[in-house]
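K.L.:
This is what each chain is made of:
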Amino acid sequence: MSVQIELEVLRYDPEKDQEPRYQTYSVSCQDEWMVLDAINHVKDHMDTTLSYRWSCHMAVCGSCGMMIDGKPKLACKAPVQDYANRKIRIEPLANFPIERDLVVNQDDFMEKLRRVKPYVIRKEEKPIEEGEYKQTPAQLMKFKQFTLCINCLCCYAACPEYALSSEFIGPAALALAHRYNADSRDQGLAERHKEISKPEGVWDCSFTDTCSDACPKHVDPASALQQLKIATTTQWYKELIGMGDK
Amino acid sequence: MELIKTDIAIVGAGGAGLRTAIAIAESNPDLKVALISKVYPMRSHTCAAEGGAAGVIKPDDSLELHFNDTVGGGDWLTDQDVVEYFVNEAPKELMQLEHWGCPWSRMPDGSVNVRPFGGMKIKRTWFAADKSGFHILHTLFQTSLQFPSIERYDEFYSLDLLTADGRCQGVVAMEMKSGRLFQFQAKAVILCTGGASRMFKFSTNGAIKTGDGTAMAYRAGVPTKDMEFVQYHPTGLLSTGILLTEGCRGEGGVLRNKDGYRYLQDYGMGPETPLGQPVLKTMELGPRDRLSQAFWHEQQKGNTIPTPWGDSVHLDMTHLGEKHINERLPLVRELSILYSGVDPVKEPVPICPVVHYMMGGIHTNIDAETPMPGLYAVGETACASLNGANRLGSNSLTELLVFGKRAAMNAVEYAKGQTSTVSESALKEQAEKVQAKIRELMGRSNGTESIAGIRRGMTDTLESGAGIYRTEDTLKETCATLGELRKRYAGIELHDKSNVFNTDLFQALELENLLLLAQTVAEGALARKESRGSHQRLDYEARDDENFLKHTLAYYQGEDAPSIDYHDVIITKSQPGVRDYSGGAK
Amino acid sequence: MAYVRPVSKTTWYLGNSSYTIHVINELMAIFVAIFSLILLWGIGAVAGGEQAYQAFLAQISSPGMVTLLWITTIAIFYHAIAWFKVTPKAMPIQKGEEFLPGSLIAGAHYVVWIVLTLIVLAFAGVF
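Residue numbers (the numbering used here), protein chains in the order written: chain A, 106 to 351; chain B, 7 to 592; chain C, 385 to 511.
Here chain A stands alone, though its shape is the one from the complex (with noise of 0.2 Å):
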């Protein structure tokens, strides 16, 4: 049993390359692979010099987001089957600039994710000693799904806001400004509405939804954003009539 499969991969090495080229690698693959095992396949016994990021293997740790077929996904969550018999492009996240071969330059997203503090921020911390917060499974529920991205940039090579305006703060780091702003235990949402409400912040997405499309942890930060716009705008109304910190 097994399946058939041509991977046109782009290399790119900035030592010897001006721009992008493509190479083509043939693999039989078992029928259970998904396209990160054709790749490291690849790698092991046809072409040790092609460089790509992965760890997991289970779609928890975002290492192996990639172009595939031209849809920005997790490889180690693309079965072979999908695509038995033909041949698929293999590209680095769209969107991003290539480091080399697959591995794109993550530098950016990096520092809009600390731009929206994502990160409890309260006026009173409580001790400790006198216990949790609590939360109850419902408001547990509100912010929930909002913190299973992995950080994949699987939204960013969809977001077509943010390959035409590369200052867009973009969907994962937003979705995670929101997962605060939800946090029953979090007081940050007038300290995160600074960056959230700059044009670059959710202002510039347009709700195209191609990002909750592709992400593969289905966080739907498309619905983060469109929450994260409403919560802005009060915000803007509150501070105008001076009630921002309330």
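Treat the hints as calculated values from the structure; they're not laboratory data. Note that this is a predicted model, so its numbers are computed, not measured. Hints are supplied without guarantee of correctness; some may be wrong.
Distance windows between CB atoms, simulated [unchecked claim]:
hint, chain 1, residue 1, chain 2, residue 2, range
1, B, Glu478, A, Glu235, 50 to 58 Å
2, B, Glu430, C, Ser392, 18 to 26 Å
3, C, Lys469, A, Glu296, 29 to 37 Å
4, C, Leu421, A, Lys299, 37 to 45 Å
With a straight-line Cα cutoff of 20 Å, these simulated SDA-like cross-link-like pairs (lysine to any residue) come out [unchecked claim]:
hint, chain 1, residue 1, chain 2, residue 2
5, A, Lys249, C, Pro476
6, A, Lys249, C, Lys469
7, A, Lys322, B, Lys482
8, B, Lys207, A, Glu137
9, B, Lys129, B, Gln283
10, A, Lys176, A, Thr129
11, B, Lys482, B, Glu469
12, A, Lys176, C, Thr404
13, C, Lys469, A, Phe312
Cβ atoms here follow ideal geometry from the backbone N, Cα and C, with glycine treated the same way.
Chain A is fixed; fit chains B and C onto it per the hints.
P.N.:
Okay, now just chains B and C, sitting in the frame of chain A:
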């Protein structure tokens, strides 16, 4: 070579590294922390841990019970001062995580919930659905972003420690995107680089778990401890080795052989408990070593279910119901469907024991200190020893937090008191040796060996000789094979000559680390002529407290196999007893 | 050193069906604008008295205007349906630990739309 001067260098940015960094930054914002990792922090393997983190908070529980469960679970090879400190601090650390925003699963009244876990008498495992490690990692990473004193060096591959004047003074690391070497000079270095389960053929571990920090310390003369104790997690998916959390059994999942029989009762873990009503420390909630060993015996008897990828047994969760599984085990369901084509709601999932964790690691004490001044280690990379001969599930995530904090406080005190001058010339010389080593590796031609080939040889020999059950002959053969493989390593040529993100080079370096540590596993196992916890010898089936109630130390001997020595176990309150996981256990 | 792949500001939406559909959806807003202008024109005509109103009715009954009105109506329907499809994402409604299904929220929008339409038609004397 670039030179970075920092106060404290932390290698590894997973749960341990991040907790350590936060502890330093929170208490001493004036100290510079260099957090060096070969991957972005979110990629660290902490993210794959599923089940939860143990800490006593419920009124029916006690620190003493947690202590006894851990010491007994570790087959009395745990250092009891370490365990005592650990169980004491555990609840505080988990509560701190809650304050930092960790989305722990809750009781209806809003308080934190706990679930049953293997080898624990009372349920005390805090959990965040079945993605506890993931949530802990992201909570720590996101929390760390608010501290400007933490300078992160993401995708810097650490190569070797810098030591002089009898102490550790820093580390040499390569910026992966440029190939440039950086000399980090620090007053203290804390290693948080995780375990090395990738030396085995099938493991639950990701590609990055190659023991880099452990190997660096080992090469620098620090001994490893108890490396022969390798934990097999009882329930991994075949072919991929992907983990299905112990939480499956905590929620009531059961193990059945080819006849549908719950075979664990034949191995001292009975009597059979009612379906869906697991009893702690019994049957499927026995400790991991016993469960994995039971599989091996069933395999010998021919009771396992053959699959194209090897023998299996069934993890049956069909009686739990869709709603319960979706709430408590959503990731497990997704993983089963995606990677084995089986929906646990409808059918039992074929699983087998898979290498998961290394109890062994760098020799440390209760203060996370290694024998080398200025060098500390935390987490799976270290062996304190909290876990002894067999780790209880959900203790390791808490271990990262408790000892991350402790290492931080000790390293801060050491760094502040460190007034000696930096041995600039000695460090420069060492750094240049590392550079020469890389140049040599990159410059090789006419290679006769491949990385994949030598890696395969290593994983094959460990599988056949140092698996769940070991004998003198199989271990001797493995030791010999590993010696051979180390020699053959010189024949590896790197076809990738680029300086930019050269994964050919990184894989070669990781392989070298794995080979070194594999020798400590095999030699340690050969020398330990007894069975204890996860180290089982068919030729020495009993536990031998008289001769082997001690830790195995392995010392680097260059091209030769490591030399083996021993170190006492710290025993305070609990004298070695019988590990009783039958239904009547107290 | 790192290679930046160029993105065309004019043709970015071609070659990806999701993007193309999105741009089409957004372009439907033009027809919403056109209808608003026609509506304002009509309101102005009503305000201008019986003669102005009759003139307006005559102009709007021309084949060209009727065609435009039909195209505009279809476009607005399309736009509304596309919008209702994604509205549940913008306004999740939580009841206890569950969220109301998206179909319920979208469905409620359709119900309101139909009811309002019937009210307007009733005022217009259709029934």
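K.L.:
Compare the distance between the alpha carbons of Lys207/B and Glu137/A with 20 Å, and conclude whether the hinted pair is satisfied.
P.N.:
Holds: Lys207/B and Glu137/A sit about 18 Å apart, inside 20 Å.
K.L.:
Take the C-alpha atoms of Lys249/A and Lys469/C, compute the straight-line distance between them, and say whether it is at most 20 Å.
P.N.:
Measuring from Cα to Cα gives roughly 23 Å; hence the hint is violated.
K.L.:
Keeping to a limit of 20 Å between CA atoms, is the pair of Lys322/A and Lys482/B held or broken?
P.N.:
Roughly 46 Å between the alpha carbons, so the hint for Lys322/A and Lys482/B is violated.
K.L.:
Regarding the pair Lys469/C and Phe312/A, is the alpha-carbon distance no greater than 20 Å?
P.N.:
Judged against 20 Å, a Cα distance of about 12 Å means the pair holds.
K.L.:
Please verify whether Lys129/B and Gln283/B have alpha carbons no more than 20 Å apart.
P.N.:
13 Å, holds
K.L.:
Taking the beta carbons of Lys469/C and Glu296/A, is their distance inside 29 to 37 Å?
P.N.:
Taking Cβ atoms as reference, Lys469/C and Glu296/A lie about 34 Å apart, which means the hint holds.
K.L.:
So if I understand the rule, the pair passes when the alpha-carbon distance is 20 Å or less; does Lys482/B with Glu469/B pass?
P.N.:
13 Å, holds
K.L.:
Keeping to a limit of 20 Å between CA atoms, is the pair of Lys176/A and Thr129/A held or broken?
P.N.:
18 Å, holds
K.L.:
Does the structure keep Lys176/A and Thr404/C at a Cα separation of 20 Å or less?
P.N.:
15 Å, holds
K.L.:
Is the distance from the Cβ of Glu430/B to the Cβ of Ser392/C consistent with 18 to 26 Å?
P.N.:
Cβ of Glu430/B to Cβ of Ser392/C: about 54 Å, so the range 18 to 26 Å is violated.
K.L.:
Should the hint that Leu421/C and Lys299/A are 37 to 45 Å apart at their CB atoms be regarded as holding?
P.N.:
38 Å, holds
K.L.:
Could you see if the CB distance from Glu478/B to Glu235/A stays within 50 to 58 Å?
P.N.:
57 Å, holds
In summary, the numbered hints that this structure violates are 2, 6 and 7.
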